[in-house]
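**Student:** Protein sequences appear in the order of chains A and B. The first sequence maps to residues 308 to 636 in the working numbering. The second sequence maps to residues 131 to 251 in the working numbering.
Treat the hints with care, since some could be wrong.
As the list claims (entries may be wrong) - Below, computed lysine-lysine pairings styled on DSS-like, alpha-carbon distance capped at 27 Å:
1) Lys498(A) to Lys201(B)
2) Lys387(A) to Lys196(B)
3) Lys387(A) to Lys574(A)
4) Lys196(B) to Lys208(B)
5) Lys196(B) to Lys498(A)
To be verified - A few chain B positions that, by computed beta-carbon distances, are all more than 10 Å from chain A:
6) Ala154
7) Arg160
8) Pro175
9) Asn194
10) Asp204
11) Tyr209
12) Arg211
13) Thr212
14) Ala214
15) Gly215
16) Thr218
17) Asp220
18) His226
None of these hints come from the bench; they were simulated from the model. Given the structure is predicted, the values throughout are model-derived calculations rather than measurements. Where is the CB? At the ideal position from N, CA and C, for every residue including glycine.
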Amino acid sequence: MAHQPSLPADEIDAGRRGALKCMAWAGTGLVWSVAGGVPLTAGLIGGGAQAAPAATKTTAPAQAGLTFVQISDSHVGFDKPANPDALATLREAVAGVRSLPTKPAFVIHTGDISHLSRDEQFDAADQALKDLGVPVFFVPGEHDVLDDGMGAAYLARYGTGPNGRALGAGWYSFDHGGVHFVALVNVVNLKGGGLGNLGEDQLAWLAGDLRALSASTPVVVFAHIPLWTVYPEWGWGTDDGARALGLLARFGSVTVLNGHIHQILQKVEGSVAFHTARSTAFPQPSPGSAPSPGPMKLPADKLRGALGVTTVTYRQKAGPLAVVDATLG
Amino acid sequence: MSRFISAARVAAVLFCALTGLAQAETVEIRIDNFTFSPAEVHVAPGTTIVWVNADDIPHAVAANDKSFRSKVLDTEEKYSRTVAGPGTIDYFCSLHPHMTGRIIVDAGGSQGSGTSGPAGH
Numbered sequence: 308m309a310h311q312p313s314l315p316a317d318e319i320d321a322g323r324r325g326a327l328k329c330m331a332w333a334g335t336g337l338v339w340s341v342a343g344g345v346p347l348t349a350g351l352i353g354g355g356a357q358a359a360p361a362a363t364k365t366t367a368p369a370q371a372g373l374t375f376v377q378i379s380d381s382h383v384g385f386d387k388p389a390n391p392d393a394l395a396t397l398r399e400a401v402a403g404v405r406s407l408p409t410k411p412a413f414v415i416h417t418g419d420i421s422h423l424s425r426d427e428q429f430d431a432a433d434q435a436l437k438d439l440g441v442p443v444f445f446v447p448g449e450h451d452v453l454d455d456g457m458g459a460a461y462l463a464r465y466g467t468g469p470n471g472r473a474l475g476a477g478w479y480s481f482d483h484g485g486v487h488f489v490a491l492v493n494v495v496n497l498k499g500g501g502l503g504n505l506g507e508d509q510l511a512w513l514a515g516d517l518r519a520l521s522a523s524t525p526v527v528v529f530a531h532i533p534l535w536t537v538y539p540e541w542g543w544g545t546d547d548g549a550r551a552l553g554l555l556a557r558f559g560s561v562t563v564l565n566g567h568i569h570q571i572l573q574k575v576e577g578s579v580a581f582h583t584a585r586s587t588a589f590p591q592p593s594p595g596s597a598p599s600p601g602p603m604k605l606p607a608d609k610l611r612g613a614l615g616v617t618t619v620t621y622r623q624k625a626g627p628l629a630v631v632d633a634t635l636g
Numbered sequence: 131m132s133r134f135i136s137a138a139r140v141a142a143v144l145f146c147a148l149t150g151l152a153q154a155e156t157v158e159i160r161i162d163n164f165t166f167s168p169a170e171v172h173v174a175p176g177t178t179i180v181w182v183n184a185d186d187i188p189h190a191v192a193a194n195d196k197s198f199r200s201k202v203l204d205t206e207e208k209y210s211r212t213v214a215g216p217g218t219i220d221y222f223c224s225l226h227p228h229m230t231g232r233i234i235v236d237a238g239g240s241q242g243s244g245t246s247g248p249a250g251h
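The following block holds chain B by itself, in its conformation from the complex (with noise of 0.2 Å):
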């Protein structure tokens, strides 16, 4: 009986998980001629984000607080991260520091769109 209980339990956190993950915003940002583009973002908590390494030459994504940290992405290769929020993230590339983003996790839930701006800050 327990044990069936345990299996139900599991099976309805796994629903809501998998509900949950069906219903997020992923928002792809593309590192292109050493720019993260968009280089801010607004998304809705619980978006995943998308890095696409697009250059000829390894990124890597590096919150300025040191929160989180992808291995190296060679060419096209992709790293994603869901964002809780809300708040904002500062991030960086770890080889070349002067590539910077920001992804602002609005709590009022704007729908995940992408502003194009300049890399630096």
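Next comes chain A alone, as it looks inside the complex (with noise of 0.2 Å):
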């Protein structure tokens, strides 16, 4: 990850509303600003509320405009070597949400909830989920559609959305706090050699999703896996999710949220900011860094080192939301 210089504020607006100014990386200890996007900051999970939370603490709460949380992977279910207990380190960030300065307004999955799908799986990760407090917004991961149904599962517990009005896959869209929030789904109707897939009837939607919206609206997407394309080698990217991007283009302030990959990447493209969320369950590779993107196996006490979730915050005045991430331990 590129340590970018910090810019003069008028230097980073130029041209852009709503521009995203800075984020904060807690597990890395990465601050950057940039041009772009929308983010700034809060809170965190666990008992390791490191640097770049403490900054927030003093400066959320009497600015804060919109707070949310992103959790992803959690895998309930997954028993290996990497982790052998995924509900528990689950647990631990519903915790760790709890006890955050600014309570969010509620909180995306971005998928992978089970491991296998099976009912057992989605019915722990409920209940843990439910400790939360605030509603809960998901995508679905490939891990989430392995029922005999391909999803119909998933459907029946989550395709409703929060209007009532998911669709397809569970795609959805809804409005908070000024900004408009678009979960995608992009990992049914795989095709062999391909990426993730969103599929002419999505794409539509979403044309039609974002139509009536000024540019000045800010949007945040969220899928599981990546809509830019961060290592076709290993899968890590959208074969249709330019085709996303490009509607997207007109609007001013565009935050891209993805799991997947079980770490922390993040880029910015003109007002898109992109990031991926650390897994709740077990760390992942960084690209080519290993010969599969297969579970990482860390030393017990550095495992809740490299998991984690990620607030963000929207100030309405001010301009940038806030992306943190955070570890468990």
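Since each chain sits alone in its own frame, please combine them into the complex, following the hints.
**Tutor:** Take a look at the structure:
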């Protein structure tokens, strides 16, 4: 991850509304400023409340507009050596969210709720997430559509979305605090040799969903597999993701939140800020650094330092949203 | 009498089926490090392909033409399928579609020798 220098505020905001000013990375200790999309910050998870959140504790309550949390890749049911108890670390993540200085308006879960789409795994995850005490909005990961109905079990449980309007494989949108949220599904109808897939129906819906919005509306898009091409050799990207991003190009502030790769990667392109979250279950290697993207086995005392959740705060007047990652330990 | 003939017929069919099975080749394809290995196999018609997941992550096997699809295979779980052929079967992992493999069923009946190759096509 490149360490980017801070830019003068007027340079950052030139020609952009609601531009992203700052993204602070708790896990890596990296803080950088860029031009672009939206984010700027808030709290954390577990006992490891580290550097970056401390700064936000002082600023967030005073200015906070909308704060929400992203949880990803909880893989409830996973019990391999990389983490013998993925439910326990999800519970730790939930406890960490509950202890945030700013209570989030809601939580988004960017998929791989379960490890094998089994009812008991979904049940256990739901039970743990219930303790958040705030609404949770989901998109499926590829591990959530492994039932015989290829996603029917997911839809039966989560398919209504926040407005009772989830469509297709579970996509939907909603508005909160002046921000337009779009939940996309890119883990079904996958094709051999391909990457993640949105499909024509969903893209047509997205075009219609965005049509009436003014270009100054902040947009947050979330989906499981990264919508940008992170590392196609490991399948880390979405074949038709660029078409979705094309539909978002006219907006002054777009934040794209994904999971799937179990680590933080981010970049800013124009007014679009891309961010992937850590898993609450197990880490995966950085792109190309291992023979495969399989679970990374860390010493037990290092595991929680590689897991975490993301907190995002949108400040309407100040412009920036804040994206902060925090480890479990 | 007719009952006896039916029973004999069933026995004969069973015998043939069992004999056929005994003679057929079995070829194992291991799924390791998000790769089908061998990625391409040449087999005789009637060969049984057995996929074994050696990864710590589940995988599944699905034909590109949707003619078959395994249930999800957790670590060390297996899926087997007998290929009739001749022809070429391209398949992929339905969870990780960048993982691809190919089965070439040769009418001539080569001896199920696998050749290793890169996973991607």
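**Student:** If I take the minimum Cβ distance from threonine 218(B) to any residue of chain A, is it greater than 10 Å?
**Tutor:** Its Cβ never comes within 10 Å of chain A, the nearest being 13 Å, so this holds.
**Student:** Check the hint pairing lysine 387(A) with lysine 196(B) against an upper bound of 27 Å on the C-alpha distance.
**Tutor:** This hinted pair is violated, its Cα atoms lying about 31 Å apart.
**Student:** Holds or violated: is the Cβ of aspartate 220(B) farther than 10 Å from all Cβ atoms of chain A?
**Tutor:** It is violated; aspartate 220(B) is separated from chain A by about 6 Å at its closest Cβ, not greater than 10 Å.
**Student:** Please settle this one: asparagine 194(B) was flagged as non-interface, so is its CB more than 10 Å from every CB on chain A?
**Tutor:** violated, 4 Å
**Student:** Decide, holds or violated, for the assertion that all CB atoms of chain A are farther than 10 Å from the CB of alanine 154(B).
**Tutor:** holds, 26 Å
**Student:** Hint check: lysine 196(B) vs lysine 498(A), CA-CA at most 27 Å. Holds or violated?
**Tutor:** holds, 10 Å
**Student:** Proline 175(B) clear of chain A by more than 10 Å, beta carbon to beta carbon?
**Tutor:** holds, 23 Å
**Student:** Holds or violated: lysine 498(A) and lysine 201(B), Cα atoms, limit 27 Å.
**Tutor:** holds, 17 Å
**Student:** Would you say aspartate 204(B) is clear of chain A, with no C-beta pair closer than or equal to 10 Å?
**Tutor:** violated, 7 Å
**Student:** Confirm or reject: histidine 226(B) is not an interface residue toward chain A, with every Cβ-Cβ distance exceeding 10 Å.
**Tutor:** violated, 5 Å
**Student:** Is the Cβ of tyrosine 209(B) more than 10 Å away from each Cβ in chain A?
**Tutor:** At about 13 Å from chain A, tyrosine 209(B) clears the 10 Å cut-off, so the statement holds.
**Student:** Would the hint linking lysine 387(A) and lysine 574(A) be met if the CA-CA limit is 27 Å?
**Tutor:** violated, 31 Å
Of the numbered hints given earlier, the model fails hints 2, 3, 9, 10, 17, 18; all others are met.
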